[in-house]
Amino acid sequence: MKKNIISTPKAPSAIGPYSQAIEVGGFLFVSGQLGIDPETSGFVEGGIKEQTEQVLKNIRNLLQHSGYYLEDVVKTTVFMQDMSMFQDMNEVYSRFFAKECPARSAVAVKGLPKDALVEIEVIAAK
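Per the working numbering, the very first residue in the sequence shown carries number 3; after that it's consecutive.
Keep in mind that the hints were calculated from the coordinates and are not lab data.
Remember, predicted model here, so these are calculated numbers, not experimental data.
Among the hints, erroneous ones may be present.
Stated by the list, open to error - Taking lysine to any residue pairs in the SDA-like style, the calculated list, with each CA pair at most 20 Å apart, reads:
(1) K101 x A127
(2) K112 x M85
(3) K77 x R97
(4) K116 x K5
Produce the entire structure from the sequences given, and follow the hints as far as they go.
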């Protein structure tokens, strides 16, 4: 089974030894995305809502670059600095996944790369 390494300038560059995404066997595995604007390489201004929106834009860009769409996402995992941020994150998340929502896990973690407020990874299928 051949794997296809995905890379696009429309999402932040990897900050370690990993790929932005990998496609294999009709699935796309998107690495955890942060609220970083790929044009500035810095976090977007604001809080959890703004970072969540940027994260999901980055994910959408990776999906589209690979021939997938948000509707193809079957699983998401959301990591947040604190569960008190859940409602604000969910408000933004629900605008991107309004119908036929993917399966999801959402957890609070002790810390995220670059002190991000939220990180989201997804799996999409064709």
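Here's how the hints hold up against the structure:
With a C-alpha separation of about 16 Å, the suggested pair K101 and A127 falls inside the 20 Å cut-off, and the hint holds. Annotation: proposed proximity of K112 to M85 holds, straight-line Cα distance about 11 Å (limit 20 Å). At roughly 16 Å between alpha-carbon atoms, K77 and R97 fall within 20 Å of each other, so this suggested pair holds. A C-alpha spacing of about 29 Å is found between K116 and K5, which places the hinted pair above 20 Å, so the restraint is violated.
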